[in-house]
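**Student:** Assemble chains B and C onto chain A, guided by the hints.
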Amino acid sequence: MARKIVLCRCEDVTLADLEHCVSRGYRDIEEVKRYTGFGTGPCQGKECLAPMATQLARLTGKTPAQIPPFTSRPPLAPTPIKLLANAPEAHRFEDDPT
Amino acid sequence: MTPGASDDEDDEARADLSGEIRLPATLDSSGELPARAEIAIVGGGVMGLSIAYHLAHNDLTDVVVLERGYLAEGASGRNGGGVRQQWSTELTIRLMQDSVELCRRFAVDLGVNVWFRQGGYLFLARSAKEVARLEKNIALQNRCGVPTKMLEPRAAQEIVPELDLTGIVGASYNSTDGILFPWPFLWGYARQAAAYGVRIFTQTPVTALAREPGGGYTLDTPRGRIHARRVIDACGAWSPKLAEMIGVTIPTWPIRHEICSSEPLKPFLRPMVSELASGLYCSQSMRGEIVGGVTIPGHGSTYAMGSTLGFLATYARRLVKLMPVLGDIKILRQWAGPYDQSADGNPIVGAVPDHPDFFLACGFVGHGFMMAPIVGKLYGEWLTGGAPHEIFERYNLARFASGASAAHEQEDFNIG
Amino acid sequence: MAVARRLPAFDPARGEPVEVRIADATVRAYPDESVAAAALASGTRVLSRSLKYHRPRTFFCLEGHCSGCLVRLDGVPNLRACQAPCTQGAEVEGQNAFPSAEVDLLGAVDFLFARGLDHHTLMTGSSVLNRLANKVVRQLSGLGKLPAQPARELPEVGARVVDACVIGGGPAGLAAAIACAERGKSTLLVDDQLRPGGSLRADPRGGRDAAEARWAAARAAGVEVLARSTAIGFFPEDDRGELAIASPDQLVRVHARAWIWATGGYAVNLPFADNDRPGVIAARAVGRLLVDHGILAGDKIVIVEVPRVAREAEDLEAALADAGAEVARVPLADVVGARGRSWVSGLDTVAGRYECDLLAVAAIPSPASEGPRQHKCKVELDPDAGGFRVVVDEHGRTSTPGVWACGDLTGFMGTDAAARDGARVGAGAAASL
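Residue numbers (our numbering), protein chains in the order written: chain A, 1 to 98; chain B, 1 to 416; chain C, 1 to 433.
You may find that some hints are simply not true.
[Said to hold, decoys possible] Straight-line Cα separation of at most 30 Å, DSS-like style, residue types lysine-lysine; simulated pairs:
1. 52(C) - 266(B)
2. 376(C) - 241(B)
3. 266(B) - 378(C)
4. 135(C) - 377(B)
5. 378(C) - 149(B)
[To be verified] Selected chain C positions facing chain A (Cβ under 8 Å, derived; list incomplete):
6. 334
7. 337
8. 379
Simulated from the structure, these hints should not be mistaken for laboratory data. In this text, a Cβ means the ideal position worked out from N, Cα and C, and glycines have one as well.
Same shape as in the complex, but just chain A (with noise of 0.2 Å):
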């Protein structure tokens, strides 16, 4: 049975995978994201946002506060596409004047 040490339940990212990307030179938060595809999937990275930057400052050898988060953007969850499509801030085109 294949052991891993799971990091990212959404995309699959383990510690191995961050050691990886980490030896790749990767190692802003940002770039770690994008590399490892942490914090992209269904909870963008509610669960695993802390223990990932922590990790990483494990890593880097960095202490903990030198870590920033990545940038938090909206939706905070995942928001169906109708709760929108009425919003006094849409803008109306000139095919749909209401």
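**Tutor:** Below, chains B and C without anything else, positioned relative to chain A:
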């Protein structure tokens, strides 16, 4: 409960990839800047890295790339990955034909998967005027050998069964256009360039740039100073900021474009779909997400890349009208990136008059990514002793001063 | 073997049972519980397969924040089973596995790449192989299929203008909202769970009653509570700055003079070998199943814990034992890895192997700082606090004017301290208005 004895199985609990060949690191995270380089490329986006790779591939390896942020921080890391040949000017069409070929070969040439999928591009028209515009462009594309076709709405629906045809009067479709995943391009170019000996520094902004009296330039960064005989300004939307340090004015400005992606879905959408009326575009990525955006009129010139509810709402409204079955699909994340808008809609490349050995690669108005493979190749050939391609003349900065800009065709299909 | 079962002595005031269909089986459930709870109680084990290595996946946090319980519900893909209430006749299916989630042929990938897989460089040796790889990857990609129908309607959008908006209805948020409302401020409370109460609903000491009582107190104090609603973003550029809330039936746009974030901490995993095995579930989820749903998640339960949450682990151990389970507690430092195939069967430690049918992971809750980060509040990674805690002064003020934070969000403190913190910060925020 008390524990029992364990198995004898070997403990890979601290599983690592040791035992594999260790590749050299791609990025120079902590190294010192060299004192000199033949060429300094400022900007480590896809344009700068493509140029660096092609220079080194043509045996010019004394090159340094200076990226002010993390790799993929700029527009190169924020775009939707579209690659098309449907344009309104011959030069752009022909360049993109070459770029598509380079994209096809990228994974094997550079050793990194980019998931390039030629599922086509479908542009939807909602008026006779839009149809006429498409037909005019198609005629030109066909003359160049791009097999774009004009379609009746029903034929468009055969390609995308989820389309609601209400209000759609026609469509253009080219099956050889496609979609790629942007980030791996940067890793691929960077990895091979580094393997050739190019030094790539991230988190290294250029804080000052000056001409040296005897020729060449000095570039100051927080990591130290470097002298370079030639400098390439590949800073995308930020290109004018570098150029103005030596008194060069570039007529481009940033326009924020927002974009978002949905939850991953099993594959269903073959082409990139775009509607002219709103500038909406969307496609399904290799991860299964629907990635798309829409043009918000009134998103003015800014470097600020925040996200708005206005964008989400506008995109949602247009998308659910176009493909109603997506109503229950969820948006996972929105972000934004800068289009590098030029005064005449055409790129600005080549040498800068009165500034020897200073070169530009900007003004691509949101399609710099898809042009980077070919532009990098052309720069790589030229600056290592080859003849310059016509774009370095046609799209030169000099056209604005001489008034020749108006005489050139202007690209009007800068959509999405 | 998964042996989750309903405790017969649990409070019978659950409403009429309903029937839901879970992967072709008809299952008895209650309208006030989630599809996930009903599925677990009826023996559902594996729900899906992971993206890259196709490892079996199932419930983990049961709070709507991980991605363990995604299912197709009534023809809509990628819904969190733990946030979906049980309605009569609901149809629940798994996703992303062939021929089923339990038996997935692509699980071989996990064995083939025992050490790991860099999918960036996979199969780049030849163009033929690469084109094939592209095609295969695309076919394998994605989690759920398109919905069966277009959405029935596009709802209208609501709006609120209030003095104080509290985001998070756990012990801190409820206390903060009550404090504001008692001081005469118009107060909106937003909570994303099926019913408010947050970590109170997982706390064996107070149980369900404590959560219900505080929720009732909030309503009595005049707080408007939006349940099952998630703050999806603070948008500074829209309408002079507004919070958008996704409720089940509509979007609500909120303007407030004070924003009080009390989103607590996520129940996260701990790093050990095969920590993603089905049956490795957050300890707080195990507590929630017991306390709020009357479901005992296993018969032989091992709690893996870190010292900072020892008190919570002790309370959980006692409650599980009272309910009839055999329980052991193991510090993370002693853990080697989980064993089992499609469900956990044991835990290897430095002292030997424990047989178990459930592994409850007690980590320090990780501060849910995404919302405050959109206000540009300062955060700091502090492993002893659980993760990226929101930095506040002694009044609960963040680095952004008009924005407060309280409870576990500012660093783990536990339910009692969170309630006191919320009351204090809410009072201070109200006084400032």
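**Student:** Under the criterion that the straight-line Cα-Cα distance not exceed 30 Å, is the pair residue 376(C), residue 241(B) satisfied?
**Tutor:** 26 Å, holds
**Student:** Next pair to validate is residue 52(C) with residue 266(B); report whether the Cα-Cα distance is within 30 Å.
**Tutor:** The hint holds at about 15 Å.
**Student:** Does the CB of residue 379(C) sit less than 8 Å away from some CB of chain A?
**Tutor:** Cβ of residue 379(C) sits 6 Å from chain A, so the hint holds.
**Student:** So, residue 334(C) near chain A? Judge it on the closest CB pair being under 8 Å.
**Tutor:** At about 16 Å, which exceeds the 8 Å cut-off, the nearest Cβ of chain A leaves the hint on residue 334(C) violated.
**Student:** Check whether the Cα positions of residue 378(C) and residue 149(B) lie no farther apart than 30 Å.
**Tutor:** The given pair, whose Cα atoms are some 54 Å apart, is violated under the 30 Å limit.
**Student:** Residue 266(B) and residue 378(C) were given as a pair; does the straight-line alpha-carbon distance stay at or below 30 Å?
**Tutor:** 38 Å, violated
**Student:** Would the hint on residue 337(C) stand, with a C-beta cut-off of 8 Å toward chain A?
**Tutor:** With Cβ-Cβ at 6 Å, under 8 Å, it holds.
**Student:** Holds or violated: residue 135(C) and residue 377(B), Cα atoms, limit 30 Å.
**Tutor:** Holds, at about 28 Å.
The structure shown violates the earlier hints numbered 3, 5 and 6.
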